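Trainee: Listed below, chain by chain, are the residues.
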Amino acid sequence: MIAQQRNANRANGFGRSQQNMGTSIRQGSATVISYQLPRCLQEEDAQCPVCKSDKYLTPNLKLLVSPCFHKMCESCIDRLFSAGPAPCPICLQTLRKNQFMSQIFEDLNVEKEVRIRKKVSRIFNKRPEDFSSLRTYNDYLEEVEDITFNLINEVDVAETEAKMARYEKENKDSIAANEARSVNEMKKSSYQEEMEKQEKEQRLADYRRQLEEERLLKEREKSDLIRELATSNKPAHAVLATRQTSTLKKSSALRQQRDANAQRNNLLPAWLKTSIPTDVDMREADLENFDPLGLEYQDPTTPSIMTTYNDPATDSLINNKQTRAGGYFPRFAYQRALFDVYTNMAIEPIQDVVMGNV
Amino acid sequence: MATTGDSTLTGENPASGALPLLYEQSSQFRHWRFSHAQLHDIRDTANATAVERVKTNYDQELEASKDSSNSKDTLQFLNVDEELSLCIFYESRLQTMCKMVRLPDVVMYTAVMYMKRFFLNNTVMDYHPKDVLYTCLFLATKAENERLSIDEFCQRLRVPSADSVLNLEFIVSQGLKFEYCIYHPYRAAYGLYLDLQDKSVISEMKSLKSLYNKAQAIISKLVLTDVPFIYQPSQIALAAFMVADSEPTIEESINRYIDLRFADQKTMLITIKDDIAGVLSKFKLVTTDEAKTIDRRLRSCANPAKNPDSSIYKKRQAEREKADEEKRVKKLKERELSRESLNDVVVAVDNESDD
Numbered sequence: 008m009i010a011q012q013r014n015a016n017r018a019n020g021f022g023r024s025q026q027n028m029g030t031s032i033r034q035g036s037a038t039v040i041s042y043q044l045p046r047c048l049q050e051e052d053a054q055c056p057v058c059k060s061d062k063y064l065t066p067n068l069k070l071l072v073s074p075c076f077h078k079m080c081e082s083c084i085d086r087l088f089s090a091g092p093a094p095c096p097i098c099l100q101t102l103r104k105n106q107f108m109s110q111i112f113e114d115l116n117v118e119k120e121v122r123i124r125k126k127v128s129r130i131f132n133k134r135p136e137d138f139s140s141l142r143t144y145n146d147y148l149e150e151v152e153d154i155t156f157n158l159i160n161e162v163d164v165a166e167t168e169a170k171m172a173r174y175e176k177e178n179k180d181s182i183a184a185n186e187a188r189s190v191n192e193m194k195k196s197s198y199q200e201e202m203e204k205q206e207k208e209q210r211l212a213d214y215r216r217q218l219e220e221e222r223l224l225k226e227r228e229k230s231d232l233i234r235e236l237a238t239s240n241k242p243a244h245a246v247l248a249t250r251q252t253s254t255l256k257k258s259s260a261l262r263q264q265r266d267a268n269a270q271r272n273n274l275l276p277a278w279l280k281t282s283i284p285t286d287v288d289m290r291e292a293d294l295e296n297f298d299p300l301g302l303e304y305q306d307p308t309t310p311s312i313m314t315t316y317n318d319p320a321t322d323s324l325i326n327n328k329q330t331r332a333g334g335y336f337p338r339f340a341y342q343r344a345l346f347d348v349y350t351n352m353a354i355e356p357i358q359d360v361v362m363g364n365v
Numbered sequence: 337m338a339t340t341g342d343s344t345l346t347g348e349n350p351a352s353g354a355l356p357l358l359y360e361q362s363s364q365f366r367h368w369r370f371s372h373a374q375l376h377d378i379r380d381t382a383n384a385t386a387v388e389r390v391k392t393n394y395d396q397e398l399e400a401s402k403d404s405s406n407s408k409d410t411l412q413f414l415n416v417d418e419e420l421s422l423c424i425f426y427e428s429r430l431q432t433m434c435k436m437v438r439l440p441d442v443v444m445y446t447a448v449m450y451m452k453r454f455f456l457n458n459t460v461m462d463y464h465p466k467d468v469l470y471t472c473l474f475l476a477t478k479a480e481n482e483r484l485s486i487d488e489f490c491q492r493l494r495v496p497s498a499d500s501v502l503n504l505e506f507i508v509s510q511g512l513k514f515e516y517c518i519y520h521p522y523r524a525a526y527g528l529y530l531d532l533q534d535k536s537v538i539s540e541m542k543s544l545k546s547l548y549n550k551a552q553a554i555i556s557k558l559v560l561t562d563v564p565f566i567y568q569p570s571q572i573a574l575a576a577f578m579v580a581d582s583e584p585t586i587e588e589s590i591n592r593y594i595d596l597r598f599a600d601q602k603t604m605l606i607t608i609k610d611d612i613a614g615v616l617s618k619f620k621l622v623t624t625d626e627a628k629t630i631d632r633r634l635r636s637c638a639n640p641a642k643n644p645d646s647s648i649y650k651k652r653q654a655e656r657e658k659a660d661e662e663k664r665v666k667k668l669k670e671r672e673l674s675r676e677s678l679n680d681v682v683v684a685v686d687n688e689s690d691d
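Here the protein sequences come in this chain order: A and B.
Using the working numbering, the letters of the first sequence correspond one by one to residues 8 to 365.
Using the working numbering, the letters of the second sequence correspond one by one to residues 337 to 691.
These are computed hints drawn from the structure, not numbers from a lab.
This structure is a prediction, so every number in the text was calculated from the model and none was measured.
The beta-carbon is built from N, C-alpha and C at its ideal position, and this holds for glycine as well.
Keep in mind that the hints are not guaranteed to be accurate.
Per the computed footprint, the stretches of chain B lying under chain A, defined by three or more beta-carbons under 8 Å from a beta-carbon of chain A, are [claimed, not checked]:
(1) 363-376
(2) 525-533
(3) 563-574
(4) 593-603
(5) 666-674
SDA-like cross-link-like pairs, simulated, lysine to any residue; straight-line CA separation at most 20 Å [unchecked claim]:
(6) B:LYS535 to A:PHE156
(7) B:LYS618 to B:ALA373
(8) B:LYS666 to A:ASP153
(9) A:LYS195 to A:PHE156
(10) A:LYS133 to A:LYS170
(11) B:LYS663 to A:ILE154
(12) B:LYS666 to A:ILE159
(13) B:LYS663 to A:SER230
(14) A:LYS119 to B:ARG671
(15) B:LYS663 to A:THR101
(16) B:LYS663 to A:ILE159
(17) B:LYS669 to A:GLU355
(18) B:LYS550 to A:ASP318
(19) B:LYS667 to A:GLU152
(20) B:LYS667 to A:PHE156
(21) B:LYS602 to A:LYS119
(22) B:LYS667 to A:TYR214
(23) B:LYS666 to A:ILE154
(24) A:LYS256 to A:SER230
Going by beta-carbon spacing under 10 Å, a handful of chain B positions derived as facing chain A [unchecked claim]:
(25) TYR359
(26) TYR519
(27) LYS545
(28) ILE608
(29) ASP611
(30) VAL615
(31) SER677
Given these sequences and hints, build the entire structure.
Mentor: So this is what it looks like as structure tokens:
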């Protein structure tokens with residue numbers, strides 16, 4: 008009995024932390040909810056902890072999870088909550104019917120963690136670009152992780168909740184902006200996906216059409232050839248030769264047309280392009296402007312290099328077939344050495360500022 | 337700075353005169369160029385702050401160890417000159433070491449420069465040069481494309497443990513501000529050797545070759561001084577050629593060469609040569625005995641916070657470990673708590689079903 012009491016208290020606290028969470032999960036899980044637990048997982052020996060009915064007796068038993076992470080079957084939920092909000096039969100937290108959701112993960116701990124993470128990441132949705140340095144971003148991540156850990160493991164729940172609420176209030180604008188940004192990105196990527204799919208289909212259709220055209224063309228050619236052979240009075244090989252060149256021309260024209268079609272650009276429409284520039288775009292722009300060979304410097308001017316110097320270090324290279332095959336000549340070594348002479352000979356040493364004379 | 341170079345070097349090609357030379361964008365040119373006075377100031381302030389730091393650490397050490405046998409009044413900290421001569425001693429050791437294991441001169445030069453750069457902002461009271469030396473050499477082998485595996489390196493140089501080399505690697509790199517590229521005077525000297533043959537400035541090959549060899553030896557000696565921080569590699573090389581032989585014919589032909597190629601900078605180059613010659617004449621290697629006396633002093637005034645045997649080190653280490661341990665225990669407890677609460681939930685569910 009004591010254990011039960013204690014657990015009820017704990018579960019109450021637990022439930023409180025989840026209370027304002029139900030709505031957020033429902034928003035976030037819109038995409039996930041269609042994913043049902045694999046049959047095998049539900050089938051094994053699923054039993055409703057409230058009414059004890061199991062899969063064996065009620066084959067269409069479906070367990071749903073409450074915001075306080077307790078399982079119940081649908082009939083129990085109907086029975087308990089159809090008259091409005093009622094306490095959870097296990098932890099006594101007030102629940103509503105529409106707060107129940109189907110379970111995604113078999114392990115309730117995992118389920119809980121995923122939901123909490125979803126909730127936290129909705130509020131703490133800053134990106135690396137929002138920070139001045141990697142260090143501050145890492146600190147931020149660390150803090151978010153601490154909050155998540157606290158919520159999952161129920162350490163200082165009230166305090167953490169308050170912290171989150173405060174943060175949400177303070178950063179309302181940036182949260183909204185980041186959310187808008189991610190929505191925009193999602194829209195863009197789904198649009199691109201759609202476009203790619205369409206393009207693929209188009210290409211397939213084009214290819215089929217081309218095959219058909221070519222087949223028709225060939226048939227026509229054949230019948231033409233036979234007709235010509237039958238009617239004209241030129242020698243057969245002359246007729247064949249002229250025919251061949253004309254077919255070649257035609258097929259090359261066809262290929263050109265195909266290439267032109269392929270090159271038809273798959274540019275994004277203007278409305279997507281002019282929308283908020285994403286960070287990925289901007290970084291790509293940077294990359295495009297980056298030219299590894301565009302270093303701004305010049306070689307020092309050296310006097311003309313002699314063809315040969317008396318130099319024991321490169322003597323062995325002069326008539327060495329192997330190095331010459333690799334394109335190496337002693338003059339490269341000479342040039343580099345002379346560059347080194349002329350590149351910094353004229354640099355004046357730093358002069359000391361004499362303080363005494365002023 | 338760039339304009340002085342452009343006026344003579346790009347005379348034939350004024351269109352591209354706006355671009356700087358590659359060397360002028362190097363970290364050596366931008367960050368490791370000083371004047372005599374600047375070097376002096378940097379070393380003075382570094383020494384003063386180091387002494388201050390070590391002093392406070394020493395107080396704490398005395399407090400921690402409750403040992404009043406050596407009071408801090410007897411403590412004599414190293415001054416700038418002593419620090420410098422200890423460094424020079426170990427730098428010359430580094431040179432002999434390189435010769436012994438037949439590492440090329442460029443590796444030696446780079447390693448010595450790393451040591452110089454490192455001890456410009458660090459003090460021997462924190463890091464003993466005999467440890468830093470190996471790390472600098474190891475870094476230099478990597479930077480100059482003479483890579484040895486750490487095991488091979490330790491075996492060839494008879495370093496007792498690879499850890500002592502590797503532990504300092506990051507610290508030394510930090511001291512170098514992660515700027516590993518060193519421009520050497522050796523290639524400039526080679527270029528001069530070639531260029532002196534042009535227009536038959538020096539037509540007698542035998543004397544030119546001996547001049548070149550002497551110049552290389554002088555460059556290896558100059559790296560122990562402050563000259564590489566002050567003058568540019570090619571200037572050092574030219575000065576080495578000028579100082580190498582006092583024979584009047586050679587002196588005259590090098591003067592002719594300067595007139596031919598660097599007429600505009602002649603006065604500057606002569607002053608540089610005079611300065612370098614002065615440094616060379618004043619410079620003498622630090623003997624083992626001198627180094628030993630300094631080292632004995634250093635042993636008493638080394639920063640106790642870096643000495644694993646000192647009680648302050650132990651104390652700090654213990655504090656660090658304690659903090660880590662506390663953190664770990666706290667995390668563990670939280671995890672246990674969460675598991676317990678889950679167990680309670682499970683138990684409650686079971687109880688309910690029993691009712």
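Trainee: If a hint holds in the structure, say so; if it doesn't, say that too.
Mentor: Okay, the hints, checked on the actual structure:
1. 363-376: With 7 residues close enough to chain A, the hint holds.
2. 525-533: This one holds; 7 residues, not fewer than the three required, reach chain A with a Cβ under 8 Å.
3. 563-574: Answer holds; 8 residues pass the 8 Å Cβ test.
4. 593-603: Coverage by chain A holds here, the residue count being 4 at a Cβ distance below 8 Å.
5. 666-674: With 4 residues close enough to chain A, the hint holds.
6. B:LYS535 to A:PHE156: 79 Å, violated
7. B:LYS618 to B:ALA373: Distance of about 18 Å is within 20 Å: holds.
8. B:LYS666 to A:ASP153: At roughly 13 Å apart (the allowed maximum being 20 Å), A:ASP153 and B:LYS666 satisfy the hint.
9. A:LYS195 to A:PHE156: 33 Å, violated
10. A:LYS133 to A:LYS170: 16 Å, holds
11. B:LYS663 to A:ILE154: Measuring from Cα to Cα gives roughly 16 Å; hence the hint holds.
12. B:LYS666 to A:ILE159: 16 Å, holds
13. B:LYS663 to A:SER230: It is violated: about 89 Å lies between the C-alpha atoms, which goes past 20 Å.
14. A:LYS119 to B:ARG671: Measuring from Cα to Cα gives roughly 15 Å; hence the hint holds.
15. B:LYS663 to A:THR101: 37 Å, violated
16. B:LYS663 to A:ILE159: At roughly 19 Å apart (the allowed maximum being 20 Å), A:ILE159 and B:LYS663 satisfy the hint.
17. B:LYS669 to A:GLU355: 66 Å, violated
18. B:LYS550 to A:ASP318: 16 Å, holds
19. B:LYS667 to A:GLU152: It holds: about 13 Å lies between the C-alpha atoms, which stays within 20 Å.
20. B:LYS667 to A:PHE156: Roughly 10 Å separates the two Cα atoms, so the pair holds.
21. B:LYS602 to A:LYS119: The hint is violated at about 80 Å.
22. B:LYS667 to A:TYR214: Not OK: B:LYS667 and A:TYR214 at ~62 Å, beyond 20 Å, violated.
23. B:LYS666 to A:ILE154: Distance ~15 Å between B:LYS666 and A:ILE154 Cα, so the pair holds.
24. A:LYS256 to A:SER230: 18 Å, holds
25. TYR359: 5 Å, holds
26. TYR519: 8 Å, holds
27. LYS545: 8 Å, holds
28. ILE608: Where the cut-off is 10 Å and the nearest Cβ of chain A is about 7 Å from B:ILE608, the hint holds.
29. ASP611: Hint on B:ASP611: holds, closest Cβ of chain A at ~9 Å, below 10 Å.
30. VAL615: Where the cut-off is 10 Å and the nearest Cβ of chain A is about 13 Å from B:VAL615, the hint is violated.
31. SER677: 5 Å, holds
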